[in-house]
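For reference, the chains in residue letters:
Number of protein chains: 2
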Amino acid sequence: MIVRAAPDAIGSQRLTLVERHHELRDHARAAIRQRGYWSAFPENPNAYGDSGEAEGKAAFDAYLGKEFPLTQAGVDTHVGSERSPFGFELGVTYPHSSTDGLLAAAAAAIPPWRDAGPDVRAAVCIEIVTQLNKRSHELAHAVMHTTGQAYVMAFQAGGPHAQERALESIAFAYDEMTRHAESAIWEKPQGKRPSLRVNKTFRIAPRGVAMVIGCNTFPTWNAYPGLFASLATGNAVIVKPSRRAVLPLAITVAAARDVLAEAGFDPDLVTLAADGESERRATEFATRPEVKLIDYTGSSDLGQWLERNTPQAVVFTEKAGVNSVVVESTSAYEGMLDNLAFTLSLYSGQMCTTTQNLIVPRTGIDTDQGRKSPDEFARDLAGAIDGLLSDTRRATAILGAIANSDILERLDRSASFGTTILASRAIEHPEYAHAVVRTPTLIAVDGEAELQFHLEEQFGPISFVVTVSDTSAALRLLGETTSRCGAITAGVYSTNDAVLAEAERVALEAGVALSENLTDGVYVNQSAAFSDFHATSANPAANASLTDAAFVASRFHVVQSRRPSEETEK
Amino acid sequence: MIVRAAPDAIGSQRLTLVERHHELRDHARAAIRQRGYWSAFPENPNAYGDSGEAEGKAAFDAYLGKEFPLTQAGVDTHVGSERSPFGFELGVTYPHSSTDGLLAAAAAAIPPWRDAGPDVRAAVCIEIVTQLNKRSHELAHAVMHTTGQAYVMAFQAGGPHAQERALESIAFAYDEMTRHAESAIWEKPQGKRPSLRVNKTFRIAPRGVAMVIGCNTFPTWNAYPGLFASLATGNAVIVKPSRRAVLPLAITVAAARDVLAEAGFDPDLVTLAADGESERRATEFATRPEVKLIDYTGSSDLGQWLERNTPQAVVFTEKAGVNSVVVESTSAYEGMLDNLAFTLSLYSGQMCTTTQNLIVPRTGIDTDQGRKSPDEFARDLAGAIDGLLSDTRRATAILGAIANSDILERLDRSASFGTTILASRAIEHPEYAHAVVRTPTLIAVDGEAELQFHLEEQFGPISFVVTVSDTSAALRLLGETTSRCGAITAGVYSTNDAVLAEAERVALEAGVALSENLTDGVYVNQSAAFSDFHATSANPAANASLTDAAFVASRFHVVQSRRPSEETEK
Chain W
20 MIVRAAPDAI GSQRLTLVER HHELRDHARA AIRQRGYWSA FPENPNAYGD
70 SGEAEGKAAF DAYLGKEFPL TQAGVDTHVG SERSPFGFEL GVTYPHSSTD
120 GLLAAAAAAI PPWRDAGPDV RAAVCIEIVT QLNKRSHELA HAVMHTTGQA
170 YVMAFQAGGP HAQERALESI AFAYDEMTRH AESAIWEKPQ GKRPSLRVNK
220 TFRIAPRGVA MVIGCNTFPT WNAYPGLFAS LATGNAVIVK PSRRAVLPLA
270 ITVAAARDVL AEAGFDPDLV TLAADGESER RATEFATRPE VKLIDYTGSS
320 DLGQWLERNT PQAVVFTEKA GVNSVVVEST SAYEGMLDNL AFTLSLYSGQ
370 MCTTTQNLIV PRTGIDTDQG RKSPDEFARD LAGAIDGLLS DTRRATAILG
420 AIANSDILER LDRSASFGTT ILASRAIEHP EYAHAVVRTP TLIAVDGEAE
470 LQFHLEEQFG PISFVVTVSD TSAALRLLGE TTSRCGAITA GVYSTNDAVL
520 AEAERVALEA GVALSENLTD GVYVNQSAAF SDFHATSANP AANASLTDAA
570 FVASRFHVVQ SRRPSEETEK
Chain E
20 MIVRAAPDAI GSQRLTLVER HHELRDHARA AIRQRGYWSA FPENPNAYGD
70 SGEAEGKAAF DAYLGKEFPL TQAGVDTHVG SERSPFGFEL GVTYPHSSTD
120 GLLAAAAAAI PPWRDAGPDV RAAVCIEIVT QLNKRSHELA HAVMHTTGQA
170 YVMAFQAGGP HAQERALESI AFAYDEMTRH AESAIWEKPQ GKRPSLRVNK
220 TFRIAPRGVA MVIGCNTFPT WNAYPGLFAS LATGNAVIVK PSRRAVLPLA
270 ITVAAARDVL AEAGFDPDLV TLAADGESER RATEFATRPE VKLIDYTGSS
320 DLGQWLERNT PQAVVFTEKA GVNSVVVEST SAYEGMLDNL AFTLSLYSGQ
370 MCTTTQNLIV PRTGIDTDQG RKSPDEFARD LAGAIDGLLS DTRRATAILG
420 AIANSDILER LDRSASFGTT ILASRAIEHP EYAHAVVRTP TLIAVDGEAE
470 LQFHLEEQFG PISFVVTVSD TSAALRLLGE TTSRCGAITA GVYSTNDAVL
520 AEAERVALEA GVALSENLTD GVYVNQSAAF SDFHATSANP AANASLTDAA
570 FVASRFHVVQ SRRPSEETEK
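Residue numbers (the numbering used here), protein chains in the order written: chain W, 20 to 589; chain E, 20 to 589.
If you are wondering where the hints come from, they were derived from the structure by calculation, not from laboratory data.
Keep in mind it's a predicted model, so treat the numbers as computed, not measured.
Check each hint, because a few of them may be wrong.
[Stated by the list, open to error] Quick list of simulated restraints, FRET-style, between CB atoms: (1) Gln53/W - His46/E: 47 to 55 Å; (2) Pro308/E - Asp119/W: 34 to 42 Å; (3) Arg212/W - Gly68/E: 23 to 31 Å; (4) Ala200/W - Pro61/E: 19 to 27 Å; (5) Ser202/E - Ala200/W: 29 to 37 Å; (6) Ala49/E - Thr306/W: 37 to 45 Å; (7) Pro330/E - Gly295/W: 24 to 32 Å; (8) Arg212/E - Gln53/W: 20 to 28 Å.
[Unchecked claim] Straight-line alpha carbon distances no greater than 30 Å define the calculated DSSO-like cross-link-like pairs of lysine-lysine that follow: (9) Lys153/W - Lys85/W; (10) Lys153/W - Lys153/E; (11) Lys211/W - Lys153/E.
All residues carry an ideal CB built from backbone N, CA and C; glycine is no exception.
Produce the complete structure using the sequences and hints provided.
Next comes the structure, spelled out in structure tokens:
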């Protein structure tokens, strides 16, 4: 239910928000500069009250089989066809608004939001994020049953971690919008004549209507940076979710609209553009002249199409990639295997950061347990995965469920990609009988072989042990794969400083974040808000980083006015 | 002559540059935040020594009829066909390097430049700018005789003002590159277990090879922001000048190469890509995969082509536009007329910031000299222009010469654009008998008429007095013209606060810088470095501002590496 504040209450309401949130905002601003560890919201589900999970589940259950409660411009019908990867239809339908209606409403909502300025906008955005934080258990259920993530992961990645990415982008946006004075007196000496004095005002103006195109596997985590970067810089945002993962973003849109309305803004600043049965609204919206910003996560095909066919918009994309880890040597063989096993297993490898290719020199790996041939390493890694996933309850808590049939079909085909070292197993979920749960498959390939399935993204629980001639070839393959196929993560294991230095050089040249010798509780596929830059814009996997200055700076422009200062004094 | 420093001297040479220039750098950084008046380099030609102008002329003369002294990679021939708008052939030829040769050399030069880091790069860039500053008289002659600017303007716009725009972009680039820590220890608490500690390093990596496409009329002023923004962020820069204005950028490239070589860097970090007789190298280079950044000033056709056909590159364009000034009322009629007359006359209106359309309500203008009808205003403005240009020596010092035959032909056609209020006159230049000097023409049109030549850019000394029904229609036309045709400047004259407020709103919506009630020594066509944002990216005249954060932030990316901190301590 949307409550519009009375006009006379709006000013104090907004001031209250600024006062409430400026410390959090400034903590976040300090954190993005310092890049150390900082957390705005607890990631432990238990920190959200004893009854938090039950209340979240009740809120989630209340949506099932009903029309989602969202009032927005231009609604012409209701649409929805989500099915939980854990095996049941959600039956939720969402308001479907006409394209013209949504665009007109979004554009009309902008001026007062623009004129409210960076402080108020940042405060309102942070209020939205904190309201979302309170609903993290509700979001966790929604994320779990649209993505297939296990509950704790859905809670963390879909809740506080996504919210922190939102806060990070708000902090970057605030920094960029306030990096210069709002006004200045320009006084130029003129020798003996009186100096020239001009009063200048510099206003932050948004680009216009922004669009955020969400993905199936991380509907909130991948959408929030763009959503909040665009919103904080004064734009209106139309959220186009994956048809398989609408609910988490519908909850997000509804929460944003409530906060905006309470602060006296037009809630159509944030709207939902759900796809009807056979619609592809992403391309329909993206080519409209009103749409000036597009944030996209998804397939490379559509991402590249957007990059090339929407010249009226600034486009931020995260696309497919092939992430590599070079294994050269280690002083902690068990730790390395356990670390890699967890990375390959987490959410059945359905992450843009999961390692696909483990590149090993043919001569083997020096370890604290002696030299290991590529075959031995592959078998030992398979063993580590088996060990990690031997207990069904633990396994399902790590693996979650397979998000969609595309991934399942790819997994079924994967035996033809090389020599299967570890076959994927189906696991019966103890709670959800119809859940599709699969363990990772590990496939050995020769890096010089003709068939190179490992050089295409095989999204899902499919990884390769790729044997190459030597360490140089391994690092070269990491670089080439990144430059050619894109990558969001890269890793190296080596006890040799020269190899680590060369790996850093290769990663720098190819433009990919490098993790070295991870053997403990940090994983190559994890990216911490405020510290790790997620993606680089330097390779085909993404044309932007979530989040850096370039991710926010082009979402607004500065419009100045100037007049002689005696004019303003009269 | 390029002197390569001995390797053992390089470190101290670079340190010296950092020490020499960090104050200037930090002054510039403060200036771009405060946006008041600040000048790094004197704009008065007399401040550069008694013999400055003569030495500059001698240096310029020494180039005429010769091969320009520039040693760079891949030279296969020499090319050049510049003719001074003041009426003589320059006869200078420039090294023509193969596309493959230039691209390979540029790419190979990058790694040590990248690894030198933001401080050294900023210092080297500032050293280049200060070396250029010392050669301002030489550059002034080169700019004068390629653009047609009169000497003092060529000196200021081509010399110190362009150098200040360079310094401004270096300051923005430095700020963005250093906005976060270079390294951090990420230490995450783990309850009772030992905390996770990871050492992280964040490196600034350039995009790759950058290209700067210069224009005929402001070869240095428009090229320097992109050139130095790309160079300071670690890229190599290939400079593709207009075939009509090579010399100013050849001098710039040579100066940059000297400084780079002295600091121990590969001078092929900055190279010249001169066009041969029938070549169009802009499009040839721009579609090469190595080219990751393009800065362009010129026609809308090529600008839009670049925006749409170079998906591998980030493209910054400044294109055509139609600048408007609404004249509603004034308390200083004479001052207003004089101010407008100077704007229309300066450099014969051959500026991207010159007002093309003076929009007047049919009901006339309230002034301190009574109400003036549109006709009276047009005649009075014509009189002010005539008065300003009555003395030939003064006239030629303001007008300069017509840069090229395209502009002259347009001027010849302009009588058919409407009712001529003031015809363009040819003026004989007292020093250059063959110079093509023309005064502005002023043409009256009905804003509701069918033929709308005033809604296309008529680059050169062609302006329109456009009559519309009332003040609202005038402001609406300003907004619509800006949104549809693009604009870099806009102006309004009014004594009515409500009209000024509405003009500000219209300019904000359309995204154009607005000047109000300029009657003294500040002109709508002038843009001061460190204070005025030149262009906005919000309308078709430009997709970027020279210079703001968005202009620099996407020229580099951040590549991180991380390893458990015990690893780094061993």
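Hints, verified against the model:
no.: 1; hint: Gln53/W - His46/E: 47 to 55 Å; in the structure: violated (26 Å)
no.: 2; hint: Pro308/E - Asp119/W: 34 to 42 Å; in the structure: holds (39 Å)
no.: 3; hint: Arg212/W - Gly68/E: 23 to 31 Å; in the structure: holds (24 Å)
no.: 4; hint: Ala200/W - Pro61/E: 19 to 27 Å; in the structure: holds (25 Å)
no.: 5; hint: Ser202/E - Ala200/W: 29 to 37 Å; in the structure: holds (31 Å)
no.: 6; hint: Ala49/E - Thr306/W: 37 to 45 Å; in the structure: holds (43 Å)
no.: 7; hint: Pro330/E - Gly295/W: 24 to 32 Å; in the structure: holds (30 Å)
no.: 8; hint: Arg212/E - Gln53/W: 20 to 28 Å; in the structure: holds (24 Å)
no.: 9; hint: Lys153/W - Lys85/W; in the structure: holds (23 Å)
no.: 10; hint: Lys153/W - Lys153/E; in the structure: violated (62 Å)
no.: 11; hint: Lys211/W - Lys153/E; in the structure: holds (26 Å)
Hint check: violations occur at hints 1, 10; the rest are consistent with the structure.
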